[in-house]
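Novice: Those protein sequence lines, which keep their order, are chains A and B. So the first sequence is numbered by my numbering: it starts at 1 and just counts up by one. So the second sequence is numbered by my numbering: it starts at 1001 and just counts up by one.
Hint data in this document are derived by calculation from the structure and do not stem from the laboratory. Keep in mind that the hints are not guaranteed to be accurate.
Covered by chain A, according to a simulated footprint, are these stretches of chain B (three or more residues, beta-carbon under 8 Å) [stated by the list, open to error]:
#1 1331 to 1345
#2 1363 to 1370
Dumping the calculated EDC-like pairs for lysine to aspartate or glutamate here, alpha-carbon to alpha-carbon at most 20 Å [claimed, not checked]:
#3 B/Lys-1501 <-> B/Asp-1488
#4 B/Lys-1453 <-> B/Asp-1403
#5 B/Lys-1132 <-> A/Glu-204
#6 B/Lys-1132 <-> A/Asp-116
Pairwise CB distance ranges, derived in the manner of DEER restraints [claimed, not checked]:
#7 A/Ile-40 <-> B/Arg-1036: 25 to 35 Å
#8 A/Glu-148 <-> B/Met-1266: 50 to 60 Å
#9 A/Val-250 <-> B/Met-1266: 43 to 53 Å
Just so you know, even glycine gets a beta-carbon here, dropped at the ideal spot from N, CA and C.
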Amino acid sequence: MFQKGFLRQLGVLTVAVLGVTLSTVKAQSGEPIQPLPTNIKINDSIAALGKQLFFDKRLSVDDTISCASCHDIDGWGAEAKSVSEGVKKQLGERNSPTVFNSGLNFKQFWDGRADDLSHQASGPVVNPIEMGMPSWDKVLEKLEGDQEYQKAANQLFGSALTKDVIVEAIAEYEKTLLTPNSPFDRYLKGDAGAISDVQKKGYELFKSYGCVSCHQGMNVGGNMFQKFGVLEDIAMNDRSLSNDLGRYMVTNNEWDKRVFKVPSLRLATKTAPYFHNGSVPTIEEAVDIMIKFQLGRSVPQQDRDAIIKFLESLVGEKPKGS
Amino acid sequence: MKNSLLFALILLIAAIGGLGLLYLGSNLPDNDLANRNVNAQLLKIDNLDSSVNELSLRSRANLDTNYDLLVRSTVALERAVSDLSLGYFNQEKISGSLLETRFNSFKATAEIKSDQVEDFKSHNSVLRNSEKYAPMVGSQLSLIARENALLDVENLYRQAVIDTLEFAKQGSTKPVGEVSGYADRISQTESVMPQDAAIKILEFSKHVSTAIDAKQKTDGYLGQILNSSLSDQIEDLYNAWSLWQSEQDNSQKVLQYCTIAYVATMLALIGVLAFRLRSLYNNLDQEVDAKAKEIKVAYENLHSSERKLQQSEKMASLGQLVAGVAHEINTPLGYISSNIDTIKLKLNKMVPVLNKVEELSDAASNPSREKTALNTLLKEQIVAFRKIDAGSKPERINTLLKDSTEGLLEIKSIVDSLTNFSHVEDGPLQEVDVNERISSTLKMCANVVGDRKIITNLSDDLPMVSGVHNQILQVFTNIITNAAHATDAQQGVITVETALKDSDVEIAFIDNGSGIDDESLTRVLDPFFTTKEVGEGTGLGLSIAHQIVDAHKGELNISSTVGEGTRVAVLLPVSV
Chain A
1 MFQKGFLRQL
11 GVLTVAVLGV
21 TLSTVKAQSG
31 EPIQPLPTNI
41 KINDSIAALG
51 KQLFFDKRLS
61 VDDTISCASC
71 HDIDGWGAEA
81 KSVSEGVKKQ
91 LGERNSPTVF
101 NSGLNFKQFW
111 DGRADDLSHQ
121 ASGPVVNPIE
131 MGMPSWDKVL
141 EKLEGDQEYQ
151 KAANQLFGSA
161 LTKDVIVEAI
171 AEYEKTLLTP
181 NSPFDRYLKG
191 DAGAISDVQK
201 KGYELFKSYG
211 CVSCHQGMNV
221 GGNMFQKFGV
231 LEDIAMNDRS
241 LSNDLGRYMV
251 TNNEWDKRVF
261 KVPSLRLATK
271 TAPYFHNGSV
281 PTIEEAVDIM
291 IKFQLGRSVP
301 QQDRDAIIKF
311 LESLVGEKPK
321 GS
Chain B
1001 MKNSLLFALI
1011 LLIAAIGGLG
1021 LLYLGSNLPD
1031 NDLANRNVNA
1041 QLLKIDNLDS
1051 SVNELSLRSR
1061 ANLDTNYDLL
1071 VRSTVALERA
1081 VSDLSLGYFN
1091 QEKISGSLLE
1101 TRFNSFKATA
1111 EIKSDQVEDF
1121 KSHNSVLRNS
1131 EKYAPMVGSQ
1141 LSLIARENAL
1151 LDVENLYRQA
1161 VIDTLEFAKQ
1171 GSTKPVGEVS
1181 GYADRISQTE
1191 SVMPQDAAIK
1201 ILEFSKHVST
1211 AIDAKQKTDG
1221 YLGQILNSSL
1231 SDQIEDLYNA
1241 WSLWQSEQDN
1251 SQKVLQYCTI
1261 AYVATMLALI
1271 GVLAFRLRSL
1281 YNNLDQEVDA
1291 KAKEIKVAYE
1301 NLHSSERKLQ
1311 QSEKMASLGQ
1321 LVAGVAHEIN
1331 TPLGYISSNI
1341 DTIKLKLNKM
1351 VPVLNKVEEL
1361 SDAASNPSRE
1371 KTALNTLLKE
1381 QIVAFRKIDA
1391 GSKPERINTL
1401 LKDSTEGLLE
1411 IKSIVDSLTN
1421 FSHVEDGPLQ
1431 EVDVNERISS
1441 TLKMCANVVG
1451 DRKIITNLSD
1461 DLPMVSGVHN
1471 QILQVFTNII
1481 TNAAHATDAQ
1491 QGVITVETAL
1501 KDSDVEIAFI
1511 DNGSGIDDES
1521 LTRVLDPFFT
1531 TKEVGEGTGL
1541 GLSIAHQIVD
1551 AHKGELNISS
1561 TVGEGTRVAV
1571 LLPVSV
């Protein structure tokens, strides 16, 4: 018999412990934004293999595109184009988000169609517009002769180079791509002088206007879905931001029309252009759109600017491994 | 089928069967471990489910300032369910079972719950903003309304703020329909309110409606989350799992049947093998019988040829003997015949005397007899008698006859010996005088022995031994013949000794011949072993002697030194 009684007790216990933990967390810092972790558990060898794969153009059909082509690791993990250009100069429909800190997002892609990084990594390679490989078998065929890969796969996973090995390795590499120790994180950790007074004000406004209701947590976003245009129909904007039905394409739920993953704002000031189709070139315009369509209210420009100053304080160090 | 082939086949079947069982067995899941793991996983899911509930509540109550923890629990819950579906509750494994149905509905519930959590999160965030902003903008607008002495509008705004807040916070006593009407009523105030308030009125209306809408949705989803039957389904799920496990036990039963079948098959095969072995064993008996018979026949053949050989050996000895016998007989025969010649001569001289005796007898018997004529006749008679010489007198003839009779007796004794020798049959056991046998032997072997010196050293008071006369004679003959052949014709000395040794009589034949080397010594008793030239001897002599001695329960011992001579000792048990 299922040990229900015991289970219940344990459940109660867990809840109790959780409650205590939560209250301590709350007692330590009730801030809706939390600093990025500075040390995470990573298998360096696997990450090293993942890095090689991330930069390997052979993962594309004509050997022209690697993951890094659209996710500029030397920059901030994203790209300056509004929408990505894949193999044979084909244009995608969405802006490439930064891969930095993306491991902290609860789902991957704008519409959250991938649960995690390894799930995500299996996408672009066989996406006809992105890397255009006809199938994973063809990818493996191509890399079959690479002794270095095969050796590493064998050593690290005890198997030949397979799709799973490739995506796991890439995912492991991506986990290293964090941008910790931002001024704001240092401020959160007690360094009161880490950010300017305007930035502090910006943070307060960010909270009081309600940006934090959506852009929150460790990644200042990336932990929920939201309709783009909750308070005002996004079609009212002339940037064709309403064309993409977002999560609806994944779930087919009426309410999910134009619902997107709330993006992380950690590197927002570094990764223009903005929004899912990269149609908004400046952060100012992006924030204005947010104020109008997500907050449904008016915000004085100086408040808006303070918020943007605050957003700047979220930018941390570039990842060490990149 | 050959037995070895059958055996190999049985081994093969045994091995394949054994491996098959092993494979079957190893493919069975470890139930205890599986139970523990499934139990732990379900426990984990139940815990995570409670956490999700708890954290949703905390988010709703603004106790948590962000969803990170809720996200973590939700993701962990999704993972835990997907782990189950990838592992123990693998679709392929449990397909067609109650467990599958229940797990599918469980998964669906979990998925719905995930979606509800997402929806809850979204609406809760929106609600938070609107329930905060609506009173703010409402208060600002009421102030404007008051400044413009629009009491109804002011009241409407105040009431809207209160009701919206109340509704959003803990649910209103007023029906939803009434509360949701505020948005429109607020919008309608735009016409009476000053121009510059238009945007705020729009915002107020939007946020009131959003707050009311988001509140309903948020609490709706929260209610669904809290009421989700995930936790309740866990018990059913576990029961289905137990059921499925016991069905798996059926496969364990299958394994059991397989094992029984295997054992039965093996027993049957072993039975077959045993049967084959049994018939083989029977055949073996028959075969052994047949072989034994063959061997017996062969043995008998050998035995009879051995007997024949013994016979021929005897004949060979006989051949040698005949020469000796002839020589032996010749001497008495010579003088017998010369004696008879002499007697004939002597008797011829007697004839005139005997004739006168006849005349005298006739005259004397005549009735008209004359004295003178008788006297004359008598005188003539005496003259005639005196004419024959003394050597022809009857006494002398008698001596000759006596000598001849002795010669004949001697011949008879030789002939007697011969008859004895040629007698093959095993005679009945007799009391045998060993010394006498030696004398007989030496007599018969005179020819073989030739000029070799024979020294006899015979004990006087020997007891009789029990045996067959002629066989013992043959033993001795064979030994002496060998001794003679081993020694020089002129210098050879053969010593024959008899003595009583405990309960045996020992007869030793010692020669000063060439001797026998050690290697040959081990083989001298083998039939057909011979050192003589081919054709000279059969090589059976000593072998036959040994055999005979054996038959007499005696012993034949040979010792020899090359260059010095050989001693052959026969031990025969004393007759009881």
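Novice: Confirm or reject each hint.
Specialist: Each hint, compared with the structure:
By the rule of at least three residues with a Cβ nearer than 8 Å to a Cβ of chain A, the coverage given for the region 1331 to 1345 of chain B is violated, with 0 such residues. Counting residues of the region 1363 to 1370 of chain B whose C-beta lies closer than 8 Å to any C-beta of chain A gives 0; at least three are required, and the coverage claim is violated. Distance restraint check for B/Lys-1501 and B/Asp-1488: the Cα-Cα separation of roughly 31 Å exceeds the 20 Å cut-off, and the hinted pair is therefore not satisfied. The straight-line distance between the Cα atoms of B/Lys-1453 and B/Asp-1403 is roughly 29 Å, outside the 20 Å bound, and the hint therefore fails.
With a C-alpha separation of about 15 Å, the suggested pairing of B/Lys-1132 with A/Glu-204 holds against the 20 Å cut-off. Between the alpha carbons of B/Lys-1132 and A/Asp-116 the distance comes to roughly 34 Å, so the proposed pair goes past 20 Å and is violated. At roughly 31 Å, the beta carbons of A/Ile-40 and B/Arg-1036 sit within the given window of 25 to 35 Å. The beta-carbon spacing between A/Glu-148 and B/Met-1266, approximately 54 Å, falls within the hinted interval of 50 to 60 Å.
Distance hint for A/Val-250 and B/Met-1266: a CB-CB separation of about 60 Å, inconsistent with the stated range 43 to 53 Å.
Figure legend: structure checked against the earlier numbered hints; hints not met, in rising order: 1, 2, 3, 4, 6 and 9.
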